[in-house]
Amino acid sequence: MNLVTELANPPPAKLHINGVSKTFTTQRGSVHALDKATLTVSEGEFVCLVGPSGCGKSTLLNLIAGLDTFDSGTVQMDGQPVTGPGRERMMMFQEHALFPWLDVMGNVLFSLNLKPGLNKQEHVEVAKYYLQLVGLERFMHANIHELSGGMKQRVALARALAPNPRVLLMDEPFAALDAMTREQLYVDLQKICKAREKTVIFVTHNVREAVCLGNRVVLFSPNPGRIREEFIVNLPRPRDINDPALAGMAGEITKALKGHTAKPAEE
Amino acid sequence: MNLVTELANPPPAKLHINGVSKTFTTQRGSVHALDKATLTVSEGEFVCLVGPSGCGKSTLLNLIAGLDTFDSGTVQMDGQPVTGPGRERMMMFQEHALFPWLDVMGNVLFSLNLKPGLNKQEHVEVAKYYLQLVGLERFMHANIHELSGGMKQRVALARALAPNPRVLLMDEPFAALDAMTREQLYVDLQKICKAREKTVIFVTHNVREAVCLGNRVVLFSPNPGRIREEFIVNLPRPRDINDPALAGMAGEITKALKGHTAKPAEE
Amino acid sequence: KPAATPGAKPVLRFGHFPNITHVQGLVAHALSRQGKGWYESRLGVEIQWYTYNAGPSATEAIFARSLDVTYVGPSPTLNAYAKSKGSEMRVLAGAANGGSSLVVRPAANINSPADFRGKKVATPQLGNTQDVQARAWLANQGFNITLTGGDVTVLPIQNADQLAMFTKGEIDAVWTAEPWVTRLELEANGKIFLDDKETNVTLLVSSAKFVKDQPDLAKKLVAAHKELTAWIKANPKEVRELLKYELKAETNSEPKDALLDKALGRVVLTDEISRSSLDTMVQSAQKAGFLKDIPDLTQLIPSL
Amino acid sequence: MKRLLLASLFFIGLILIWHFIVVAEIWSPVLLPGPASVGSYLWAAATDGSLAEASWVTMKRLMIGYLIGCVIGLPLGMLTARSKTLNDTLGVLALGLQTLPSVCWVPLALLWFGQSESAMLFVVIMGTLWSVLIAVDNGVRNLPPIYTRAARTMGSNGFHTLRHVILPASMPYVISGMKQGWAFAWRSLMAAEIYVTLLTGYGLGHLLHFGRELNAMDQVIGIMLIIVLIGLLADKVLFSPWERFLHRRWGLNG
Amino acid sequence: MKRLLLASLFFIGLILIWHFIVVAEIWSPVLLPGPASVGSYLWAAATDGSLAEASWVTMKRLMIGYLIGCVIGLPLGMLTARSKTLNDTLGVLALGLQTLPSVCWVPLALLWFGQSESAMLFVVIMGTLWSVLIAVDNGVRNLPPIYTRAARTMGSNGFHTLRHVILPASMPYVISGMKQGWAFAWRSLMAAEIYVTLLTGYGLGHLLHFGRELNAMDQVIGIMLIIVLIGLLADKVLFSPWERFLHRRWGLNG
Ligand SMILES: Nc1ncnc2c1ncn2[C@@H]1O[C@H](COP(=O)(O)OP(=O)(O)OP(=O)(O)O)[C@@H](O)[C@H]1O
Ligand SMILES: Nc1ncnc2c1ncn2[C@@H]1O[C@H](COP(=O)(O)OP(=O)(O)OP(=O)(O)O)[C@@H](O)[C@H]1O
Ligand SMILES: [Mg+2]
Ligand SMILES: [Mg+2]
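Protein chains in written order, with our numbering: chain A, 1 to 267; chain B, 1001 to 1267; chain C, 2001 to 2304; chain D, 3001 to 3254; chain E, 4001 to 4254.
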């Protein structure tokens, strides 16, 4: 697609998370979801977050997106404190968060319409391109409730990618996808990130996925949610998920992950 | 837990799905979700379904559960046609389907309360046992909306396992879980199935997971949704997900899966 | 519904309006309040008094069997009699004649009946005696009157509102009964265009069931009513105090002496039933479109 | 088809039972006129035009008042849901006034506007406005926060979020709120018409009241039937299309 | 605390503006009595007990009628939502009767029950019953099917599903339906009390009507304030606890 590749290429951003803590208070007491998390993501870097269920990954993503307040610490983008959400930091939620009052096309167009500098015709073209990318061209006019679980996730992916944001925050975007579709999307996502130099923070439970996609893999441990360890992934790109070297590294990280959470998955 | 292991052990069931077809009709036309699916699951067998997104896996599970009607064919259990849902066929849905008006404990107790022959005290004991199994003892009295994505899935798992059904229908039950918790649950689920000779139909996108758990892996292809191929998994139990033999078989199945869906994940 | 407890006196449920044209009702009610019950002593019953603001409520109560006897105007009586095909209402005696007038607003420039064309005439209530009279009279002058319009608009408006709207000039004439005629004159400069002294304005009415089940009591009731009427005519001073006392008790406002005297002067007390007046009323109601066919009046006035 | 048949049979059955009760004279015909006499009243009122005119008068009052109420209430509801200050002031006021049956405004309305159309309009607006406001406020508050969160990360904010996310997302609530507003407006107008006579035209409420005054229960029941009919029709014309749309698009099985 | 202060300030401000408008005599004091005279009416009525008695009479009528309406309407609504036949018959009837403002029942009620408490009860029940029925029916229909599906695979069916799944799952709808039923009952009772005088006791509606009859606008406004107050109180006592529970348990930010 001509138009898509020609879209202006904004410089990638630098994220600075410094000593951020967050506690949820409920009737039954409080949950220390995030404890003094510190993380720096440089321009065009692809960082993967892994860690057991309930360790605060979604919470951290929400804070970076500017959607929630936190108790202490700072979150900065390009040296400026993040005060709220913005178009340059696009979030893909763990629950798909599609708008049920719009059809598939309408959902993808929603984010595009907010991007200045393109006309209606071009919007539709871009939207079609991304729907094709996720294999849902045929379902352009379907209602959201008529889609299968994986199809919803793919629409959400198209919606997040279409306006070409500088920062992508993705919360388990491929959890409900089959291996085939997933592998195709690994290839596509790597291509896109290379071409556009995007800064990506990517939450996943699949360590191999993390190694395949990330420049860096960050390990979380729960109770309270903490950043424990980081692995730099230096494998050459494009990477194939079935690459043995990649599998080896994934095994290593998995071992480390197990080490941090000695007790069997109790938070 | 004494009580739990002492629960009466009902004989596992034999499922017969014969030439079942199902078409959804929407305003934009009709989707042929399932085409002449034929599948026999014998007593105590663990069958895994894999296939690309939107190929009718959830649809088939719903039909077996007796929740939806189909256009043609028969679904039988123990030689009797399935006419509606029943306690002996427990379903775990792709969306967690927890009841927001009950807390975590209440949700697990819901299915237990419908099981005859136990008193209240025993119900609570059994529920606690399964919550411990999925690592959520501490969240017994939490409200559903306060849980993270993976935690909700684990509550749903506990709810499905607690009443010890003869047939378990599981729709991507581990999609939102981290590797650690997941591996622990592989071990537990295999143990439970061995002890109780359960008949299980298990939908997943993770081929290794399928090979690790299943006696048989059934491949679907989309458009229309069809059963394409079956693999018998003869590896000794208990199986470890990191076992190289297992990985090899998974690679084989993945190749077959790719063969059936030549076009890149377009349905 | 009050049921007679054994040993207690039978109960007679008696209704009237807090209007000057219901003098007998007001006086008897006042006497009951003061423990000198007129009907109680003569009939040997306990009287339960009910006050209504309008004819239909009273006839409704008779239909619903929650009232035995009431003072009420002839038009609602005839209407209820006709609607129930003669099965529910009985007229026992007359009570008052006259007391109703057509009052016009000076600024409306009404000097002859023809001047009413295009004007708005208010009556207290749809289908009540004055309303029927107004519609029939206007029809007799050659106007086309319908329920909701015509050459002259006849508007049912509550008395209190009439006074305010008359003052503001929103209506041109009012056909109503005392004390409102006098109040329109005194407070809003109304001019009396037509004064009616002959027509029955109040009757003593009972349910058919009452007459059928307790004919003796009905007979005694009529006698007591006649005696009361005579006593009222003979004792104007005492009556005036009783009226003031009763109106104060029921409406929370005491009428001024001037108003009371003037209004009482227009009401002619009687215990006669004027059959011709009733027939005229039937014809008027037909003319006004309220009665579709002529009711058979033979059962209306029972012979006691 | 079969459903329609069943419903028709049910109602024909009801009418027959009614008819036989009347014929059997279990109650006096004053208490319960038969379907025949109700029918003949309706026929007469339909042919002499008084029914059509009264319906028109009533509908005009209702429509104008309702529209004004919605046009004011909708944006105010959005505002009170989004602004804390407005919610603590206007919101509390609206809550109070919403609990006030709008027929209670009749005496003041008559005093302020005279026995005129404006008085009726005022009563209808008071019936609509607050309940639409509260419903919209509620709907906006009950939105799953995920929608606005998603929209905000896509760069939507301020008026854009209001127009493209909050309004459509709260649609199910807004429509049910507008339905409730309609019901209140309808109720208050009927009560007001039954209670006071207007110089400017007789509505259905007046016909009902006159039926009572003349002890003509056939008229009362006839007008009640017409009121039911208009209510059902309004529901079909005004709200059903929206509800069908929601049903299809959202997959709500309403 | 700050919110309370703001709201109080707002209302004190409103009262002050009202006061100054009256003092400035922009309108005649007949048209708009000042807060002082309304206050003195309320004080007098409160001390002579008439206010308390009228409130009690009204509340008694409302409560009894509302309870009966709910007790009948709730199970019927469940039934019509679950049975096709009942829905096509009783459901359609309920829909029709729900659109009928229940004040329209007043003439028939008076005729059938006399000018008595039963007539008032009848009107209040007619105001509650159908709207509760429809709301419950609607709530049950709008349930996400996943809940009943999940319950059924766990072996729940028939009455158990009704009691343990459908009823709690439709709670948000049922409560809003009961709230609406309350609003309708309240409105119809006020309209009925204003419209007809009852022999068995004067309610708030009667006091309002008498205020109008006597041109005592301070009484009218005073009673309106009391009506608002009772409405708010009922909301707080009857519905707020439920709504808070839903808020906490379901995470609805209502
Ligand atoms: N709204 C909330 N109210 C109360 N507690 C919350 C809330 N949201 C999250 N939590 C708690 O915060 C902790 C971290 O939650 P979070 O959703 O960030 O986990 P996560 O790492 O994304 O887990 P998962 O992989 O299962 O999605 C959990 O213990 C959860 O119970
Ligand atoms: N209620 C519905 N209305 C219309 N179409 C539907 C409905 N439910 C499912 N479908 C269609 O049926 C097909 C199969 O859906 P199904 O949910 O069974 O897929 P799946 O194999 O479970 O996919 P996934 O792995 O993404 O969950 C899809 O094309 C979907 O669009
Ligand atoms: Mg998460
Ligand atoms: Mg699925």
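Everything labelled a hint here was simulated from the structure, so no lab data went into it. Do not take every clue at face value.
[Unchecked claim] Taking lysine to aspartate or glutamate pairs in the EDC-like style, the calculated list, with each CA pair at most 16 Å apart, reads:
#1 Lys255(A) / Asp1078(B)
#2 Lys1255(B) / Asp188(A)
#3 Lys4002(E) / Asp3088(D)
[Claimed, not checked] Just so you have them, the derived chain A footprint on chain D, three or more residues with Cβ under 8 Å:
#4 3144-3155
#5 3161-3170
For clarity, every value in this text was computed on a predicted model and none was experimentally measured. Here a beta-carbon is modelled for each residue, glycine too, at the ideal position from N, C-alpha and C.
Consistency of the hints with the structure:
1. Lys255(A) / Asp1078(B): Violated. Lys255(A) to Asp1078(B) sits at ~45 Å, over the 16 Å cutoff.
2. Lys1255(B) / Asp188(A): With Cα atoms ~20 Å apart, Lys1255(B) and Asp188(A) exceed 16 Å; violated.
3. Lys4002(E) / Asp3088(D): 10 Å, holds
4. 3144-3155: holds (count 9)
5. 3161-3170: It holds, with 4 qualifying residues against the three required.
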